[in-house]
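Protein chains in written order, with the numbering used here: chain A, 1 to 531; chain B, 532 to 1122.
Honestly, the hints are just simulated from the structure, not real lab data. Check the hints yourself; a few may be wrong.
Taking beta-carbon pairs under 10 angstroms as the criterion, some of the chain B residues facing chain A (in silico) [claimed, not checked]: (1) Gly613; (2) Asp744; (3) Ser747; (4) Gly750; (5) His769; (6) Thr827; (7) His844; (8) Met884; (9) Pro901; (10) Glu931; (11) Asn1092; (12) Lys1096; (13) Arg1099; (14) Glu1101.
The beta-carbon is built from N, C-alpha and C at its ideal position, and this holds for glycine as well.
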Amino acid sequence: MSRHNERRSRRSPAGTDRPQSPDAAVNDVRSTNSRLLLFGVASLVIVVGVLTVLSVRRPRANATAVSHPALTGESRKPAARPGLSPGGDLALSPREWQIPSPEMTDMQPEVRDLLIDARARVLADPESAVAWANLATVCHVHKLTDCAEICYRRADALAPNKFSYTYLLAFLLDREGPDAEEVASLYEKAAKLKPDYAQVHQRLGDTRAKQGKLTEALDAYLKAVELAPNLGIAHRSAGQTYLALGDVPSAKEALEHAAELTPQDGAVFAALSRVYMALGDRAQAEQAAEKSRSLERVATIPDPIVHAIFSTSVSSPVCYERAKNLLNQGKYAEALPQLKIVERARPNDALVQSFLGSVYINTDQLDLAEQHLVRALELEPERVSANMQLGEVRQKQGRIEEAIAHYRRAQQAKPDHHDINLTLGNALVRNRQFADAVEAYAGTDPAGAVPAVDHVFWGFALRQTGGAEAALEHFRTATQLSPRYANAHYQLGITLEKLGRVKEAVSHYEEAVRIDPNHKAARRLAKVEGN
Amino acid sequence: MVRFVCLLTSVMVVAGGMACREQPAQMCETPVEKTLQPNSSQYFTEITKEVGLDFTHENGADGSLRMPEIMAGGVALFDSDGDSDLDIYFTNGHHGLGTRELSNGPVNRLFRLEDDGTFADATEESGLGDRGYGMGVATGDMDNDGDTDVYVSNIGHDRLYRNRGDGTYEDVTQSAGIDIDGWSASTSFLDYDRDGYLDLFVVRYVKWDPKKDCFSRSGKPDYCGPLSFVPDNDVLLHNNGDGTFTDVSQAAGIAQTAAAGLGIVCEDFNDDGWIDVYITNDAYANNLWINQGDGTFLDDALMLGAAYNMHGHTEAGMGLIAGDFDNDGDPDLFMTHLGQESNTLLVNNGALMGFNDATSSFGLGWSSVPYTGFGLAAFDLEMDGDLDIFLVNGRVYLKEPVPGSWVLPPWNRMSEPNLFYTNDGTGKFDLLEESVESLCSPIEITRGVASGDIDTDGDVDIVIVNLRSSARLYRNDTPRKGHWLSVRAKDPRLNRDALGARIIITCGERRFSRTISSGFSYMSSSEPQAHFGLGPVSVVDSIHVRWPDGLFEEFAAVSPNQVVKLVRGEGETREYESSQRAQVASVTSGN
């Protein structure tokens, strides 16, 4: 039995197959934040006034304190920050605590509104851990780190047994450093509060690894594996740690298991590549390296609690990423509000305008699509995606020549682009510019995918320019790709008939009619049979 | 030659600044003066003003938050005029970022070390006042005529300056056939094909779009990161030996990779006698280009554990250095990263065995997490026989203002102190604090670092470049725990320093390995000299040189505490064979 298995088997068999569900308090925070968005500007003037009065009660405690020992004469182990240490400000009663007041100049309005509202809730009830935690998460997800730290600490002081406050404070400090021991002890405290949450052990392992305490890190990862046997990242981390400890066989076992659980995780294969190299198998190492490169993705910890708080972010860069993911999934309506936030922040970004155009095309709002795509091209006339999309809009509007002009502009920017040449070719066929269409099709990638419908367009252009034999191949391919495509059979029949192969033509007319009894192939068939 | 060992030990530090032109007031406040009290316990003494070094980097910021403004600032330490001392060359920005070069305004500047120990501005007479928006600088003798030539990487067109031999330079970019436009970063001379001529490896960053706006997570306008742009591919320029270069990136196999590169070191990492190239990439996997010996390279970073950190994550690779940090005879890698990531030490396990991320176990991890690192230097501070590390910091995003910052708003939101780690020789680094206060406490935005023995007293001095404040020159006054040896390696056939030569010295039971290199750190170039701290030894028993063409040569014993100039052919030579690593071990251990 490898060390990996031995260590795992020493653990209690009681485990869960999946990470635990998020803490209820975080859901509270999330739903609260959604409501807060509606709170709006109306309260801004009043709240700012109140906050201004309150914020001068005590000196501000929210400045970053990179207390460099060379300046302060202190040890590099970070000194307690004003307002942050449990023995300092927290010793005061909650009503005396100062509420962080991040600088809001130039801040995105949506973020500012959330922040103002969250502060107002704390002001209204300074002894509410939920209110402090809410402000903490608003600050956290918008990278107002000092504010987040202060607020998590206060929420934690008010509700010391609340797992999520301790956990999120550790998660925040984990990224900011430099007190690793405090981070580790916070994770350990969190683990005691919610012992079955595998992610806390995973993060504790990461912290221990960053401290160079690899054996302790391994123990934490294995605890995560025990609690969530299907948590691929825990297996990966255990494998990476075994490798660092020089235990190659255990590393191999853990990583190969991780590869089964998370086959899209490039980091697993990168580590496996090193394992195979260490075992002297260069061929397998190269294979794993190639796999890793092709994946480009490093799995992160699937953490419902962290995910829940970050899903409340309204910052434009986050909304932008969110919108891109939604567009990739074809969720256009869901992407729209995200893009609207981004547009307010980046009104002159051609790509954002182009994304908006895409949303409106796909929700059949051509006028709005046109408006945004025209704007995108004003900002960046050569933007390929905007030209292609505006071409599509124009085509749908029946303005085929304008559509062709946009497609051509896109093609000039990317002359060898397969899809652009196909789309341009099709549009030229529609405009009966068959020779130009044939030229455009010639720019496609011979190895590129051509849908059946495009083969029909292509074949049509060839037939119209005297290339019936070549056209035949395209129509035949179309029927093979899509045997129930009546028009492909019809066009194949026409071409065969034109080449004098009437019998074969008849069979394809018949097939077209079988598929679609109302197809015009029926008239052609009647005419041929009448002759 | 009068040296400046005797220069003042009390130092007045001035964080100066360029005059403000057409910039919003907030972005170009007049910098404040800062003073550190003289302190004889300090290991470094700042002598910038005393030696007349007057350079303030201009990044041309006008409030538009253009990314190159916060990435620039290289420095070179080299002998520009053949008088055997180290001069200082700074790259500089200007107010025309995004609009190519300006006919007037700030330029790169050269300061020559004079006989009286002061520096004189020789920019104009040298012809090195490049007007591009400067990023980095590389130095090397590209035409084997015995003097040092200069390559300047820019936003826009890079430039190659040939030294005429009299301390003046001519721009030979065009006649050399070099046409590199866009955003070049660190650059290094190397002889990758062992034909005796120094080739150039130009690290390329991203295809920057000045129209791109970026925002912080709180939705405030901020500087863009590398992922906002399309990454560029690096360029390898082959020296044809006739004053011209050919872009062989495609044929060499490096053009296929585009990855926002910033840092470079050239070293024989797998000990096969051919120089390899390691590149730090910003937010992309790093590259370890293993030289195949036939003019091509293969990126083996992933398989050799050098592409990512221990957790398999890409990091924001900035500055970079190679050195034998664990004293096992092979070159390890240390690189600086963005805040929230630690810097990373990759320990070389030996030929074909790859690298291990040993950052945390060597004590280099957590302490660097709050800081964004850039340039660096590795040398033996106390002369106790191991490599210590100095690195500089400065953010690339606007965060909360840093208390005690030496720069005014808004730049105080990006300034950070610097760090010095000492190696205890057992694989453990500790942050040095009070004794390096003068070096590390100025809280500025520092980028380039170059190192060399400017005052020829046997230790390594430092020059750093700060964005929008004065460059600083530090004299090393560290109390010594042992002896030292500096080695220069010259190949008389090539008439120049043997960049890439590996020097292995044996002192009793101990042996030390260093490589002659000038291209490391961040956008910078340092003295091409192998510096050894030796500890309490009385004699250096032997010196072995593995020349860049593979020849292995042994030189006789020498006394410590001197600069030794080794000339190829004057030692006992033999071929360096394929079992190099075992051979090096056996030779250097005397078996």
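Okay, the hints, checked on the actual structure:
no., hint, in the structure
1, Gly613, "39 angstroms, violated"
2, Asp744, "6 angstroms, holds"
3, Ser747, "6 angstroms, holds"
4, Gly750, "2 angstroms, holds"
5, His769, "27 angstroms, violated"
6, Thr827, "16 angstroms, violated"
7, His844, "6 angstroms, holds"
8, Met884, "7 angstroms, holds"
9, Pro901, "5 angstroms, holds"
10, Glu931, "4 angstroms, holds"
11, Asn1092, "30 angstroms, violated"
12, Lys1096, "38 angstroms, violated"
13, Arg1099, "35 angstroms, violated"
14, Glu1101, "40 angstroms, violated"
The structure fails to meet hints 1, 5, 6, 11, 12, 13 and 14 from the earlier list, while all remaining hints are met.
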